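Given the structure of chain A, go ahead and fit chains B and C onto it with the hints provided.
Chain by chain, the residues:
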Amino acid sequence: MLGVCYYPEHWPQDMWQQDAIEMRALGLTYVRLAEFSWSKLEPQEGTYNFDWLDKAIAVLAEQDLKIILCTPTATPPKWLIDKFPDILPVDINTGTTRGFGSRRHYDFSSENYFRESMRISEVMAKRYASHPAVVGWQTDNEIACHDTTHSGSDNAKHAFQAWLEKRYGTIESLNEAWGTIFWSMEYQDFSQIELPILAVTETHPSHQLAYRRFSSEQVVRYHDAMIAVLKKHCPEHFVTHNFIPMTDTQADNFALAEKLNFACYDNYPLGRTDLFFADRDTDTFKRYMRTGHPDFASCSFDHVRGISKDNFWIMEQQPGPVNWAHHNPRPLPGMVRLWSWEAVAHGAETICYFRWRQAAFAQEQMHAGIKRVDNSKSVAWQEIEQFRDELAETEFDLTASVNSSVAMIMSTSNQWVTEIERQGDSFDHQLVEFEYYSALRQLGIDVDFVSPNADLSSYKLVVVPCMPIVDKVLISALEASPAHIVFGPRSGAKTEELTLAPELGPGNIQRLIPIKVESTETLRADCTMPILYKGASYSAGRWNEELAIGEGVKTIARFSNQQAAVVQNDKITYLATLSDVEFLRVLLNDLAVACGVKTYLLPEDIRLSQRGQFGLLFNYSAQAKRVDLGASEQLEFVLGSEEVAPYSLSIYKRV
Amino acid sequence: MLGVCYYPEHWPQDMWQQDAIEMRALGLTYVRLAEFSWSKLEPQEGTYNFDWLDKAIAVLAEQDLKIILCTPTATPPKWLIDKFPDILPVDINTGTTRGFGSRRHYDFSSENYFRESMRISEVMAKRYASHPAVVGWQTDNEIACHDTTHSGSDNAKHAFQAWLEKRYGTIESLNEAWGTIFWSMEYQDFSQIELPILAVTETHPSHQLAYRRFSSEQVVRYHDAMIAVLKKHCPEHFVTHNFIPMTDTQADNFALAEKLNFACYDNYPLGRTDLFFADRDTDTFKRYMRTGHPDFASCSFDHVRGISKDNFWIMEQQPGPVNWAHHNPRPLPGMVRLWSWEAVAHGAETICYFRWRQAAFAQEQMHAGIKRVDNSKSVAWQEIEQFRDELAETEFDLTASVNSSVAMIMSTSNQWVTEIERQGDSFDHQLVEFEYYSALRQLGIDVDFVSPNADLSSYKLVVVPCMPIVDKVLISALEASPAHIVFGPRSGAKTEELTLAPELGPGNIQRLIPIKVESTETLRADCTMPILYKGASYSAGRWNEELAIGEGVKTIARFSNQQAAVVQNDKITYLATLSDVEFLRVLLNDLAVACGVKTYLLPEDIRLSQRGQFGLLFNYSAQAKRVDLGASEQLEFVLGSEEVAPYSLSIYKRV
Amino acid sequence: MLGVCYYPEHWPQDMWQQDAIEMRALGLTYVRLAEFSWSKLEPQEGTYNFDWLDKAIAVLAEQDLKIILCTPTATPPKWLIDKFPDILPVDINTGTTRGFGSRRHYDFSSENYFRESMRISEVMAKRYASHPAVVGWQTDNEIACHDTTHSGSDNAKHAFQAWLEKRYGTIESLNEAWGTIFWSMEYQDFSQIELPILAVTETHPSHQLAYRRFSSEQVVRYHDAMIAVLKKHCPEHFVTHNFIPMTDTQADNFALAEKLNFACYDNYPLGRTDLFFADRDTDTFKRYMRTGHPDFASCSFDHVRGISKDNFWIMEQQPGPVNWAHHNPRPLPGMVRLWSWEAVAHGAETICYFRWRQAAFAQEQMHAGIKRVDNSKSVAWQEIEQFRDELAETEFDLTASVNSSVAMIMSTSNQWVTEIERQGDSFDHQLVEFEYYSALRQLGIDVDFVSPNADLSSYKLVVVPCMPIVDKVLISALEASPAHIVFGPRSGAKTEELTLAPELGPGNIQRLIPIKVESTETLRADCTMPILYKGASYSAGRWNEELAIGEGVKTIARFSNQQAAVVQNDKITYLATLSDVEFLRVLLNDLAVACGVKTYLLPEDIRLSQRGQFGLLFNYSAQAKRVDLGASEQLEFVLGSEEVAPYSLSIYKRV
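Residue numbers (my numbering), protein chains in the order written: chain A, 2 to 656; chain B, 2 to 656; chain C, 2 to 656.
Possibly wrong hints are sitting among the right ones.
All copies of an identical chain are treated as equivalent in the list; a pair is satisfied when it fits inside any one copy or across any two copies.
Unchecked claim - Quick list of in silico lysine to aspartate or glutamate cross-link-like pairs, EDC-like style, CA-CA up to 20 Å:
1. 654 - 123
2. 572 - 591
3. 41 - 177
4. 654 - 456
5. 41 - 282
Keep in mind the hints are simulated off the structure, nothing from the lab. Computed from a prediction, not measured in an experiment: that's the story for all the values here.
The shape of chain A in the complex, shown without the other chains (with noise of 0.2 Å):
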């Protein structure tokens, strides 16, 4: 279903109706409304304005738009900040207060707006409980943006440290368990503890790992609690929230999503990849900006179908050029609808698109919308409406579930071990794990992002690219489940409090595969060596593990010196090495094809998913392609060929 973010309290109220007429043309369900609208809502303390809104869901309702509310919260206004100054976040990395004049102005460890987040929660929570048109709520907005999990103040040293003091019961356990020994940082009280912050140099390692932990569980408690406020008062309707890319969050994305009904993404192919790409040469660079990479927007909603409870919803979807990016170019003609596609390719049940008119002024005033601001059209509109059209034509069914036999792990307290401890600047959890993505989107192969503690049993082919922190109880699922599992480099290497295993790397996983690290080297990215597989050559060196091999061990790729750059036993496939995605596409379907997955020889630029009976194909290219999807199964094109148009789709059914 397709859904729009609209902010009535922009426009002159005569323009109401006629929005929300256009809006039912447009085949839209679902009208967002109210997020950022505190100062509008609540004017001054105490005295609430609801009429405004009360009078744009009328108007809406009226046209059989269903309603998603937001609590206002990523910004309270400024009455509120000077009355509760505490409010304010500060910055770890200078200590100074980051102060009103945005938004996120908000610190987590604040109680004082813990209480004022659930006091206005809860008062638009009772007004709108039995509203007939309300059908939903979105909590806050994009938790965690511009880098707000952290903060350096105050409150948040005192709820760390009584946070610490319930997590280890004693001082002498916390020396203990981080090694507070070395460089004589032994404490004797847990009211001693600073935030790892601002020192003379780097802090000691289980100290950030455990603020970061720490940092996560008051965004989830802040979360949990407003959620709880909505559902008592609201049992009828569901209650999400619009992530920005789980990279980004610094919380435990799982426990972030766990109460919701289902998660949203708020997807921006191109601000993204931009940002991503950002120190790419030329060619790559220029080669996307105007279509995303073809797994970049996908990797997010792989991962926000992981922690949503199957399938999720995209609550912002770009429809024209942002803002916020370091570049911001315009889509391709086509791209809305590919994006939207793509989208529901990989699990998504209804697209909103980010926002029904370009707003007038303000910070965002350059991020289109469907409308201009002049009030007309722009071209996302005909872009929806032909989505529109196809999901009717081809009878899609946005309930399906994508069912993949390949997982991957995604943990956040893993990728911050990688961040706290780089060991080389050309290490980066984001980009080694979407290495690996790309390589299995390469193959055809539909990807499931997982907790480290869900049921593996499903799968035939689990990927870990890089998980430090391998618990027992993982080594445990992963024995009992059937599927071969493939772990990247400096997986198991540590125990769960940042400390290094104590048997050496890859730790636990030793009572899988026996082999031990004896020694972890991190080149320059530009300095790096090949690897040899099968009588291929393949980049690889920008992080490089020396292995002892135990008893029935193979090595299936070598570094140039000989040494074992991949082994390998019936469970487990171990990469000692970073490498490009050129071998990791050639080692996977290698994997897959002996675990039984179906992999596919799709031409460049293209992408294959598959969800409940149909299968959709991306072409991301100014060419045609032709597309081989092979013999094994009776195929039935309902939008296209296979020969995928350019900068197009074409969606087959299996009969």
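Chains B and C only, in chain A's frame:
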């Protein structure tokens, strides 16, 4: 005429007389004194010491030298800072106080400093009002240098709040004008409004623009008060100021210069080129590192002539290597003479060299002077003599005006708009303006920089490289002008308050040409695309607009996707993209010719300027170059010939 | 001899005895203990716990290992910081306090910390003064590391004011010496003087130099007091310190080492090369990333020998990958042995490896040890055994001196001058010195680094790459020395107070060669120009001086514009430019030969050092290389041959 900046207080008194004799021998008329000398003039609060200055003036006057005095306010002494610590400004990027120990350590919003500045100015003005050798005053020094226009102090905040109240009257009117409904930024009272700094993420653009306007007005308020003090007590003296490049003041330069008798420029071609070209490749950088770019100093000359009453002065002319750029090359032999003539060609009446003798100590000890620290003559000496003699031999009329039929509109507030709302990292307002200017200069066209409310009736061609805010008064002036108008992209896209033009870009310009900007994109500078004009292809695309075109509008250049890149009607040419300089040169040549503006086919690195009866040809290259000026006029060479020598110039007279 | 750094407190007591037995088996003599152990030795104020240390010493002594103890002052414990918060230093770039949580969190100007440091040092010294196994002390650890020489605290400010008063006597004398008349910086009282930090723009260079001198003296004051405590109570023990690279201490290294028995160096060739070569291109960087540059560690060895009494120690030798550089490669096989021998070749008497066993926790858990965290032996183990055996087999005399006839003058205060007054971004004092050093080393010349007031009577060639401040005492020493002197550009250009030499550069050096520097320029590193020497062209030009040349001075190399690039008389060769290393190699070869210093034609990546009777040839390349040592001496190879194996060495003895 010639002059020099002199700091007698840096040298033993017994050197002064010989200095004065040598100044006269060099043919100097003016000597600037007392800049930065507050601690010498008032060593303790209220205890004045003018003896040394009286003596220095006397010694110089004896040689018939005329004195320009400076208010010493760019460097408040330590005792004053200790008495009024609120004089120190606050860094807007960090919130920390910018301390004593260099210069310009004052806050334009400190009322204590305002009062003290006027006091010392008045003391000096009264003392020297009737001194026969004193002819004029320089206010302060390089106002706004070192990013001092903006301060993050409480003084600034309170003054800003008062300024806002004055501008907007009611808080409702401010909320409405800015659109503070966005992100719940609505205010209930002016006292709630912070400076738009140190927030979680980017602050409201209208808020930022207001802060820039306020800060600029604070500078003008301070400067105007100082001018008033000087004019009150010294009605016979001129009052001027030595400007840094217009783009660096962060103030309305027209307003700053309005009450001055004329404006001065401090001309450092190598230092400025080093900074401006810092990211250029080896060949481009090396080519001009010892000459300066042919158009870079000139552009500043024309800027300053634009804000001056008619002609202008060079108050500080670089005589050799400086100390403050990333790299500080030696000028090539002949360049000090060439730069002096180039300034004259663009309207300079007087050139003062900085400084008489290189300082032996402190921050600028590596900054060359006319004389070296051992009192020997630096290489500049002979070049100044040559320039002096050539001025006499050519009988150059230094009072003549530059008469141009081509104007460019210059507006600091429009520069601010593009700095506040970058939208693409490769958009640089200074560069955009420079590229248009350079294209015109390569055609031998003299350019007037004019303010947005200038009289445009005398121009044949008006060029507006980037002016997002175009108000209706300017539209009327353009309509009334006989000139053809060239607009670059972004023009007219915004309202006065930095919101979007409700009718879409180019906003009010639509009254002159029926086009609408339907979407805007920015691209990375290395990822652009060609445009086609008259069968040739040119590079373009850092900023691109998608145009809808009304009746009577021709498309004269197209993007490779066939969309309109440059459109035109009789009155207006509108560029929907940022192109390379080569395209601008070709297009502007065609437009100039059509408007009856004479253009020239100049060899590379040759520039032509005309002033009064004189034409001046400059050669910035290592090769002699022959220039074909066409047969239209009777010309007589008074210096050199049509074959312009390397790093030299030729001058002809129209007969 | 061999030793190791050991942290028994990081491991269960039941491992200690086996550790000690293995240390002895490896042939170790020394064990360094108690570094960073304050919180373990004094867990609460005044409550000491020496049991563990007594026990550890006893266990080690049982194996005849000798103990070096450390004062634990690099890591004050949290209870001490909480009692005296003024111990924490203040960041001079931001003004924020540098907090607890890592190491070196102390301010050399905190009197509280001074007193507490001497207290804990005295307690330890008294306790172990007569312990038979304890032989010496290491003060603190890597003093000044992490930019801790400078603090922006009030303590530092007040101590600085007192220091200034002592140095200058009267405020008038300071004003005069610095030239504070510039920019109205005149002071009336010492109490007005701020630290030269956090100002609006660059602060006064003389002010900055004074602050650097003061800060250096604060470090020396602290360090000397600690040495005095140790020497008072432990007159039989040696006292040493483990230095970081000389360029990083920001202190007068000669002064710091003066009261020590000898100096130590902490040798991390790969980490240091990674940082020093961070901006190099792929080929240059990759070539040495696993070996270190052949001259980089050596240069530090010679530095430390220079500040030591005669020979020196390596207190910490890298045994494998480290954790703290941008990238942390694995040493190539053989490099730990090669580095150990390279240190010996340059005068090391003892090599201690860091650390015995890789730490399982905290900041350095990725830093390799001789043993791995699982107690297995890392690859370094076997290389240390080989080195131990070769030392014995070759009967190498570790007490012999390095005897060189070529000296380079090293002066931290001159490094400061170039850091304070950069003048060109491509001037890097460390790089300039390194290039001269590397050129000499490529010629097989051993180099002594000496202080500016060293006895120079035994040298044939003295090289001064960059020494802006050359006082008359040094001039007299140079005059008296039989050596030919080579000066690089900038030499002699400044007075003691960082003002310009009144007679122009090279200032006092003009007494030795009649030349004057008439102007100076700096160029971007990629925009330089050739010089011509003996018909060949070399790259030069990052720093260029224009020379006026007096009688008896020959120009031996010229710029392309024919100006003098290198000039010479019998006593002095003066380079007026920074050239490439190749030119320095050719020029210094000619000069060395003329002075009777033997040079060698060494293949690329081969280095030669001579110590006592021994000559050592090192091969940093992957190819075996034959070295022709000439027929002048009777040589006998005691290790390897004239064909030096890849990544290996040969040793010969003069017979």
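Consistency of the hints with the structure:
1. 654 - 123: Classified as neither; 46 Å inside a copy, 84 Å across copies.
2. 572 - 591: within (14 Å within a copy, 67 Å between copies)
3. 41 - 177: between (52 Å within a copy, 13 Å between copies)
4. 654 - 456: neither (29 Å within a copy, 70 Å between copies)
5. 41 - 282: For residue 41 and residue 282, neither the intra-copy (46 Å) nor the inter-copy (52 Å) Cα distance is at most 20 Å.
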